[in-house]
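**Q** Chains as they are written, first to last, in the numbering used here: chain Y, 1 to 235; chain Z, 1001 to 1222.
It is worth saying that the hints were derived from the structure and are not from the lab.
Backbone N, C-alpha and C define an ideal beta-carbon position, used for all residues, glycine too.
A hint or two may mislead.
Keeping only pairs whose Cα atoms sit at most 30 Å apart, straight-line, the calculated DSS-like set for lysine-lysine is [stated by the list, open to error]: (1) Z:Lys1132 to Y:Lys66; (2) Y:Lys29 to Y:Lys207; (3) Y:Lys127 to Z:Lys1111.
Which residues of chain Y face chain Z? A few of them, derived with a C-beta cut under 10 Å, are [unchecked claim]: (4) Cys69; (5) Glu70; (6) Ile73; (7) Tyr77; (8) Asp108; (9) Arg115.
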Amino acid sequence: MEKSDLKVKVLGTWSSPFVMRARIALNMKSVNYEFLQERLWEGKSERLLKSNPVHKKVPVLIHGDKLICESLIIVEYIDEVWPSAPSILHSDPNERAIARFWAAYLDDKWFPSMRSIGFARGEDEKKAAIAEFEKGLVLLEKAFGNCRKGKPFFGGDQIGYLDIAFGCFLGWLRVTETTSGIKLLSEAKTPALINWAHRFCSDAAVKDVMPDTEKLAEFAKMIASKRRGEAPPKS
Amino acid sequence: MADEVKVLGVWASPYSRRVELALKLKGIPYEHIEEDLLNKSSTLLKYNPVHQKVPVLVHNGNPIAESLIILEYIDETWTNNPVLPQAPYDRAIARFWANFIDEKILNTVRKVCLGSGKEQEQAIEEITEQLKLLENELKGKEYFSGHSIGYLDIVASVFVFWFPNVLEVLGIDVFTAEKYPVIFEWIGKMVKIDAVNECGMPKEKHLDLFRTRLEALKSSAK
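Excised from the complex, chain Y in its bound form (with noise of 0.2 Å):
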């Protein structure tokens, strides 16, 4: 049987963006695949601690007897075995180290520092965590310059591997605007970032599975009160 034509699955939760990159890769491949749901804020099922027993975490990518961690090689696992067009990742390599180089950034420093925010105690530790956060978005919006070279996308006129490394996180990014009450993506600040954002959002491989901000929202509220032990205990 031809690899490209095993099963292919996903465990994963409607709410993570690592989970949405894995999707939008297999998306953009036009690849069929079941999405098996965890429910994770119940504790982690048996079937996830199987799947991923190193990290116990989502996504895992299972296609046929095979199991892949980590969502951006998964991205690049998809990338290689459906190797039609079109391709998630650039052909040359000086553009896919650049690639490789924000997508690591995004998950090294970005997305910590937009958690922070949430995080804050205060409203200095706020100011300080939203400075910062800032700060990667400056950066985001001159790599997006360079990288588009004139076209809509990190990727060209497609999506590609940085868009969706980075656009998985527009859903958070959007929750965290909404309780903080700061515009993050900004036409004064990142003003080719807030066009691309709708772009990204609108593709066909990513809005079936962008999550709802509203609904989003009202998760981020229900995790937050079980951190507090505000709801009742599992027995």
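Assemble chain Z onto chain Y, guided by the hints.
**A** Structure of chain Z alone, referenced to chain Y:
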């Protein structure tokens, strides 16, 4: 036009050394530029403004930063002696464990360096568990990459020189051949490879440097 390849790095950084190891294994001539991390050069700041860290590979004036990204760039640019496996699944597994080494094990080492008391004990416990996973991954193979040295061995070369030296300075005795016979057998094979030795670090010099750095790290973390 001949390729111009430079590596901005430091002799004591395992991240830096792994880039040089990859270049040597591929037979790519390069110029090593030793950076002073306490007094960063304008070149480094120009080539890696975001992180201001080593290593940076500069290929015909074009900078690439982040060691794992550099390794992939090297493999894609100079396609002789490929270091990454060919099959997508094998590549995904190699990348997974490379990530594990850097994001988990080396991060935990940092926690051990900065921590004390119960916190440090917990971090040491974490490292022993993480090393067990790595030991399991290596079982049944000559090298992490199979029959010969490859990408994951290059990434894991941190355990050949740097890691044992660091644990020695910290006075932690968890990384032994008794506990990790498979990893130690692999280390024995690695040190027989010329390129690996050329990218090693002189032990006493490294121990001295690390002792000094650890003091500085601890006082700046206070």
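**Q** All the hints need checking, so say for each whether the structure fits it.
**A** These are the hints, each one checked on the structure:
no.	hint	in the structure
1	Z:Lys1132 to Y:Lys66	22 Å, holds
2	Y:Lys29 to Y:Lys207	15 Å, holds
3	Y:Lys127 to Z:Lys1111	28 Å, holds
4	Cys69	6 Å, holds
5	Glu70	6 Å, holds
6	Ile73	5 Å, holds
7	Tyr77	5 Å, holds
8	Asp108	9 Å, holds
9	Arg115	17 Å, violated
The structure fails hint 9 only (numbered hints given earlier).
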